[in-house]
Amino acid sequence: MAMPTVGDEVWRYSRIGELDIDAYRPAAATTTVHGGDGYLGIAGEVETGVVHDLFDELNLAFHEAVVLTVPKGTVVAEPIVVTHTVGDDGVAVFPRLIVDVGENSEVTIVERLRSGDGIEALVVPRLYLRARQASRVSYLAVQQLGVRTWQLGNQYAIGERDSTTQLATVALGGDYARVRTEAIVAGQGATTRQIALYFADGTQMHDFRTKQDHAAPKTNSDLLFKGAVQDHARSVYTGLIHIRKQAKGSVAFQTNRNLTLSEGAWAESVPNLEIETNDVKCSHASTVGPIDDEQRFYLESRGIPPDVAERLVVLGFFDEVLGQLPVGAMAGGLRAQVQAKLERRLP
Amino acid sequence: MSTLEIRNLSAAVGGKQILNGIDLTVSSGEVHVVMGPNGAGKSTLSAVVMGKPGYEVLEGTVTLDGVDVLALPAWQRAQAGLHLVMQYPTEVPGVLLAAVLVQALVARGASTDGLDARLATESTRIGFDAGLLHRALNVDLSGGEKKRNETLQLAVLEPKIAILDELDSGLDIDALRDCARRVEDATNETGLGVLAITHYNRLLAELRPDRVHILVKGRIVASGGPELADVLERDGYAAFSGDEPEPEVPPRGGSLEDLFRLP
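Residue numbers (the working numbering), protein chains in the order written: chain V, 1473 to 1819; chain S, 272 to 534.
Warning: the hint list may mix true and false statements.
Stated by the list, open to error - Taking beta-carbon pairs under 8 Å as the criterion, some of the chain S residues facing chain V (in silico): (1) K323; (2) P324; (3) V328; (4) A342; (5) A345; (6) L355; (7) V363; (8) A370; (9) Q374; (10) A375; (11) A378; (12) G380; (13) Q424; (14) L428; (15) R452.
Because the hints were derived from the structure by calculation, they are not lab data.
The structure presented is a predicted model; accordingly, all values stated were derived computationally and were not measured.
Here a beta-carbon is modelled for each residue, glycine too, at the ideal position from N, C-alpha and C.
The following block holds chain V by itself, in its conformation from the complex (with noise of 0.2 Å):
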């Protein structure tokens, strides 16, 4: 396939056109697996072959992949943990995570991706998980890469009938660093959600790309990303929902909100509908702005200082996203990296 450009519509805001795809040599992450013996192996059946783009195609000739079966009424008591750490200039890493969740069975992943600040490297990660019959699989994506890696990430994750799936991202690292979602609710009454929170800071560029495709009738689907920029960082958030023809009697809700918190940083929210079908309930919201000037004075009249007082209105925004983490252990950490990045803001 060829190389894609800003003209493709899928790529559109994207920093695409400034990849030079040979300045780096394919390798393999450093990748440990915790909480996963038992599941970690071959699955036979969760499709894979989807190549939607170049880069779909390179991860499947240089993958290396994680796979993880969870046999059919089985409750992963534990988080299974995965990490992808990249420690050299100029590769190209290809990590593939393939999660077969049995029916009726119950499990969390995490997976993270890590990069030294120094580390000029391309990562193109991707997910493939099935949710079987009645199945609650809970992802969370933590991307801590530095700021000199790249990231062109995709996930596919489908849910069949009456399955739960939750999809959960926070994206504080990366030079340009996007993801594209396709969330599938393929079976009467499953359901998706998806919840992100993304905070980009000095010249960082985050893009989500998400797609809500229901294809049976009596699915759910809801959506919460909040995003902050700040510096002269930018970040784009794409949203579809499509219900189809068969997808009748179904909900799905699509929430997007941005804070850009300096005046050089640039946020965008690309919110679409595609309805096929009648009988259906949707509804998306999306917002780009500074921090409420209500807000701020409510604080500042109680005698706190500006920049804590923005520091709370931010926390206070994130939060939402940060107490619904599958892994609730890790939002402490992860709002203290949130609040760090606050204080280093340029002025």
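Since the structure of chain V is already known, use the hints to place chain S on it.
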């Protein structure tokens, strides 16, 4: 002993002049009530004194114990001892009341030791549901809960002078009594000076004013003792508006001025 002095204060919003030379002096332990009809400039007065952005001071001075308040940003005015109880307390999603009070005390260099106990005591006193202390500020609170919350912050932060902007709007009679009594107590316990701005005199049943001022068209048109509120109740604001003469304030014994007043 603290004194808030407002001298010849004129201010505009969006290029339109709202206040036309206000003079008011509020000292510790005193309760001043400014009453006025809609559009008189009541909320503008409280916003300008507290330093809300968007208001332009055209003329005049505001000082607290001699400190030029107008030269300070809002947060420094609060630290200097001013406090605004808002008519419509802002909802701040995700920011907990307890966290705000901690930051407000820390910013003042005040101790937060015993804050939890203090909050529990004040919640009981004001009839504020203590369960709301660890909820987001004002989010999904009823009108009465919001005003109890405002009053609780006032009680904990112990300012020198409090401006109450329509404390009596949007709350039921029980909540009004609880809030007004707590403010009244503060005037005795910590010497709080109060500038209460209101439309109706139902606030005065609980909060006993030393002075009542009538604000019409951005100007104080009459000042007097509590009896002025009764005149207002009887005659309405119409008696004070336009070019009509100032009302007859019941005389307080004969002064030289009264004896030699021209007919």
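Hint check results:
1. Interface hint at S/K323: satisfied, since its Cβ lies 6 Å from the closest Cβ of chain V, which is below the 8 Å cut-off.
2. Hint status for S/P324 relative to chain V: holds, with the closest Cβ pair at about 7 Å, below 8 Å.
3. Interface hint at S/V328: violated, since its Cβ lies 16 Å from the closest Cβ of chain V, which is beyond the 8 Å cut-off.
4. A distance limit of 8 Å between C-beta atoms decides the matter here; for S/A342 the minimum to chain V is near 16 Å, and the interface restraint is violated.
5. Nearest Cβ of chain V to the Cβ of S/A345: about 4 Å, under the 8 Å cut. The hint holds.
6. At about 5 Å, the closest approach between the beta carbon of S/L355 and any beta carbon in chain V falls short of 8 Å, and the interface hint on this residue holds.
7. Evaluation of the S/V363 hint against chain V yields a held restraint, the C-beta minimum of about 5 Å falling below 8 Å.
8. Taken as an interface hint, S/A370 checks out: its beta carbon lies about 7 Å from the nearest beta carbon of chain V, inside 8 Å.
9. Annotation: S/Q374 was flagged as interfacial toward chain V, and the flag holds, the nearest CB pair being 5 Å apart, inside 8 Å.
10. The restraint placing S/A375 at the interface with chain V holds, with a minimum CB-CB distance near 4 Å, inside the 8 Å limit.
11. Interface restraint check: S/A378 against chain V, minimum CB-CB distance 5 Å, threshold 8 Å, status holds.
12. For S/G380, the suggested interface contact is broken, since its CB lies about 10 Å from the closest CB of chain V, more than 8 Å.
13. This hint holds: S/Q424 has a C-beta 7 Å from the nearest C-beta of chain V, less than the 8 Å allowed.
14. A hinted interface residue such as S/L428 counts as satisfied when its beta carbon comes closer than 8 Å to some beta carbon of chain V; here the least separation is about 7 Å, so the hint holds.
15. At a threshold of 8 Å, the smallest CB-CB gap from S/R452 to chain V is about 22 Å, leaving the interface hint violated.
In summary, the numbered hints that this structure violates are 3, 4, 12, 15.
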